[in-house]
Amino acid sequence: MSEAHPKLLEVQDLQTHFMSDEGPLRAVDGVTFSLTRGKTLAIVGESGCGKSVTSYSILRLIQPPGRIVGGQILLHEEDGTTVDMASLDTRDERLYRIRGGVASMIFQEPMTALSPVHTIGNQITEAILLHRKVSRRQADSLAAEMLTKVGIPTAAERLARYPHELSGGMRQRVVIAMALVCRPQLLIADEPTTALDVTIQAQILRLMRDLQAEMGMSMLLITHNLGVVAQMADEVAVMYLGRIVEQGLVREVLKRPRHPYTKCLLRSLPALSSHRQRLPSIRGSVPALHEIPPGCSFHPRCPSFAAGRCDTEIPSRIQTCAGHHVACHLAEVDR
Amino acid sequence: MMDKAANQQQLAVPPRPSASPTQNQPLLEVRHLQKFFPIRNKGLTSRIVGHVRAVDDVNFSLLPGQTLGLVGESGCGKTTTGRAILRAIDPTAGSIMFRPDGQPPVDLAALSHAQLKPLRTKMQMIFQDPFSSLNPRMTIGDIVAEPLIIHRLARGSERADLVAAMLRKVGLNPEHANRYPHAFSGGQRQRVGIARALIMNPSLVIADEAVSALDVSVQAQIINLLQDLQQELNLTLLFIAHDLSVVRHLCDQVAVMYAGRIVEVADTQTLFASPHHPYTKALLSAVPDADPDVPMNFDLAGEVADPANLPSGCAFHPRCPAASPDCRSNVPELDEVSPGHQSSCHRC
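If you read the sequences in order, they're chains A and B. Just so we're aligned, residue 1 is where the first sequence starts under my numbering, counting upward by one. Just so we're aligned, residue 336 is where the second sequence starts under my numbering, counting upward by one.
In short, the hints are calculated from the structure, not lab data. Note that beta-carbon positions come from the ideal geometry of N, C-alpha and C, so glycine has one too. Each hint should be verified, as a subset may be incorrect.
[Claimed, not checked] A few chain A residues that don't get close to chain B, going by computed Cβ distances all over 10 Å:
#1 Met19
#2 Glu22
#3 Pro24
#4 Thr36
#5 Glu46
#6 Val83
#7 Gly101
#8 Asp140
#9 Gly169
#10 Gln203
#11 Met232
#12 Leu265
#13 Val286
#14 Pro300
[Unchecked claim] Which stretches of chain B does chain A cover? Using the computed rule of at least three CB atoms under 8 Å from a CB of chain A, they are:
#15 519-531
#16 548-556
#17 581-590
#18 630-639
[Said to hold, decoys possible] Far from chain A, by Cβ distances over 12 Å, these chain B residues were calculated:
#19 Arg375
#20 Thr402
#21 Gly407
#22 Cys411
#23 Lys452
#24 Thr456
#25 Thr474
#26 Arg514
#27 Pro516
#28 Gln562
#29 Thr603
#30 Pro623
#31 Arg654
#32 Leu669
Whenever a hint applies, use it, and build me the whole structure from the sequences.
Here is the structure:
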């Protein structure tokens, strides 16, 4: 444990592009962040900002025409070895060892993440048998133990059930059990509660927090919900059109946002403004990836845009205070 | 151009009396509304073996110009209630009294489909998914004009003018009327859906999760648009949603549904400030606050009751922290807690 790197994951200048008739679509365009061991980093943004593509890139789940065209994804394992996920060949056996073993993923839609024609027992033990040298029977008991841990009653009986026999909340618990059964160091959760009702969402969020405290894994949480970010994460990165525009400690970013996009996003939440008043919205909508504006890609929608600078120069990342980074030309003036 | 169009719209539909004695009478009054779906035996006989009690004895009324939020989790019957009011599905029992524009009340539940047709211009729906609720093979101009064609309300250049005025009103460029839905973003498509609903100048609009599929920044725009149009056109809105923060922002009154019944109804401020029913309390505490210093204080086990196999008595009792033997045997009535605030709970 002592030789383990304090960071579990370091992503440097990641670029994932999708080849299309209109040229490369820069879904992720120079993303840099790191995840401290045992902590939770949330990546938040609206549809099309590249948050899911970032998470898929880390586990090398991007399919053609998508491709990682640049950057590094350094995974520092507990035994001190470091793997650059971005440079691995798709057939590299290290990739198979890492996926589902060292790092695993929870998907948004529990019905599509589970196979409808296999029992949930078979789906969970598949991961165990791939990554650990145990017998079929031991795998079954590990699976039942994990199902109990995620709050599924009469777990041993449920192993023989199929996903359609379970409710949405129970299915998501199975998906979590599947992801955690090999005790990964990194858990990537892509919108884990978006498809669930609020009371079930609250149950699942609490379960994820309890399991993280118990098992000590690090979590990369992809979400569009700022409430989930506030309740779950230690750090947050706000993405817009393939880039991180602001990053820092959750309390710092949500209470004292520096980037105009983060500010607008927080202000346009209905709960924070008073009843029936006009909501401060962001004008326009998120542009398509093949028409990303020049300069700062947020400038056409930005309330405080400076002509001549914001529309020509891409803002670089600056540190406003310890651990708080913002990519905005006006960030200093703003304080 | 705009004035002419506006005038013609007035001609097509008579203006609403601004201050009439009917002003304080509800525009919509739903009494003992029920909708059961039969569960059939899978064999040859297809015998009915039970019922999904999707909506079971729902009562509420809605004053003109007001917004009522109908909230609840999936399967609670909120969408079925909305669809039954519009007679998109036929209710099993109950009455739906509708008083458009100070006209004498009619019971929508008792009318035949032919009798309903003229009333359909007065009640319209906005759907959740702006991608599947617009026909991809029709231009947005044709989509918005279609209700006028069906009800033979306007033709030729008059129709085109009405459509152009409506598109402008919802913030779309009328020059884009000949484009197809795929050329628009999600927020713009939702504007088309709103234009289609409002072109008939309806009294009652049922918005079923109208902003749920949209991103936060666009959602704020559509909420603002709905509020502006409501004020301008004196719309009465039944706003069906699962997002409590949106409901809190937009609605005058809120009704909380659980397993086919309304468990609590109150004006918005009261409901959020002093919720009465244990389910409402749980629902409010389940929303993660965007302030990291407000911790989530949620403690409710179990899952939403299955409407095909409801628990006895109060459907919430298996999950309720305060359940008593009485809750297991008797269905609680919706009782008044304070004026305008009703809750159905034995324990409170």
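Verification of the supplied hints:
1. The non-interface label for Met19 of chain A is consistent with chain B: the shortest C-beta to C-beta separation is roughly 21 Å, beyond 10 Å.
2. For Glu22 of chain A, the shortest C-beta to C-beta distance to chain B comes to about 15 Å, beyond the 10 Å cut-off, and the non-interface label holds.
3. Non-interface status of Pro24 of chain A relative to chain B is upheld: no Cβ of that chain comes within 10 Å, the nearest being about 22 Å off.
4. Chain B leaves Thr36 of chain A outside its interface by the beta-carbon criterion, the shortest separation being 17 Å against a cut-off of 10 Å.
5. Interface exclusion of Glu46 of chain A from chain B breaks down, the closest Cβ pair being 4 Å apart, not more than 10 Å.
6. Taking the minimum C-beta to C-beta distance to chain B, about 33 Å, the non-interface status of Val83 of chain A holds against the 10 Å cut.
7. A cut-off of 10 Å between C-beta atoms confirms that Gly101 of chain A is not in contact with chain B; the least separation is 31 Å.
8. Taking the minimum C-beta to C-beta distance to chain B, about 26 Å, the non-interface status of Asp140 of chain A holds against the 10 Å cut.
9. Its closest Cβ contact with chain B, about 6 Å, brings Gly169 of chain A to no more than 10 Å, contrary to its assignment away from the interface.
10. Non-interface status of Gln203 of chain A relative to chain B is broken: a Cβ of that chain comes within 10 Å, the nearest being about 8 Å off.
11. Chain B draws Met232 of chain A into its interface by the beta-carbon criterion, the shortest separation being 8 Å against a cut-off of 10 Å.
12. A Cβ of chain B approaches the Cβ of Leu265 of chain A within 10 Å, the least distance being about 6 Å, so the stated non-interface status is violated.
13. Taking the minimum C-beta to C-beta distance to chain B, about 7 Å, the non-interface status of Val286 of chain A is violated against the 10 Å cut.
14. With a minimum CB-CB distance of about 13 Å to chain B, Pro300 of chain A clears the 10 Å threshold, and the non-interface call stands.
15. Only residues whose C-beta sits within less than 8 Å of a C-beta in chain A count toward coverage, and the stretch 519-531 of chain B has 4 of them, enough to reach three; the restraint holds.
16. Closer than 8 Å: that is the beta-carbon criterion, and the stretch 548-556 of chain B has 7 residues meeting it against chain A, so the requirement of 3 holds.
17. Coverage of the stretch 581-590 of chain B by chain A holds [criterion: at least 3 residues with CB-CB distance below 8 Å; count 4].
18. Here's how the stretch 630-639 of chain B fares: 7 of its residues keep a CB closer than 8 Å to some CB of chain A, so the rule of at least three is met and the hint holds.
19. Consistency note on Arg375 of chain B: stated as away from chain A, and its beta-carbon is indeed over 12 Å from all of that chain's, at 19 Å minimum.
20. Separation of Thr402 of chain B from chain A is inadequate, the least Cβ-Cβ distance of about 9 Å not exceeding the 12 Å criterion.
21. Annotated as non-interface, Gly407 of chain B brings its C-beta within 12 Å of a C-beta of chain A; the closest such distance is 9 Å.
22. With a least beta-carbon separation of about 9 Å from chain A, Cys411 of chain B fails to lie farther than 12 Å from that chain, contradicting its non-interface assignment.
23. For Lys452 of chain B, the non-interface assignment is confirmed: its Cβ lies about 35 Å from the closest Cβ of chain A, beyond the 12 Å cut-off.
24. Every CB of chain A lies more than 12 Å from the CB of Thr456 of chain B, the least distance being 28 Å, so the non-interface label holds.
25. Non-interface status of Thr474 of chain B relative to chain A is upheld: no Cβ of that chain comes within 12 Å, the nearest being about 20 Å off.
26. With a closest Cβ-Cβ approach of about 15 Å to chain A, Arg514 of chain B is found to remain outside the 12 Å limit, as its non-interface label requires.
27. The beta carbon of Pro516 of chain B sits about 15 Å from the closest Cβ of chain A, which is more than 12 Å, so the claim that it is off the interface holds.
28. Listed as a non-interface residue, Gln562 of chain B fails to keep its Cβ farther than 12 Å from every Cβ of chain A; the least gap is roughly 7 Å.
29. A beta-carbon of chain A is positioned within 12 Å of the beta-carbon of Thr603 of chain B; the least distance is around 7 Å.
30. Not every Cβ of chain A is farther than 12 Å from the Cβ of Pro623 of chain B; the closest lies at roughly 3 Å, contradicting the non-interface assignment.
31. Against chain A, the non-interface label of Arg654 of chain B is violated: not every CB pair exceeds 12 Å, the least being about 9 Å.
32. With a least CB separation of 21 Å from chain A, Leu669 of chain B remains clear of the 12 Å interface cut-off, as annotated.
Checked against the numbered hints above, the structure breaks hints 5, 9, 10, 11, 12, 13, 20, 21, 22, 28, 29, 30, 31 and satisfies the rest.
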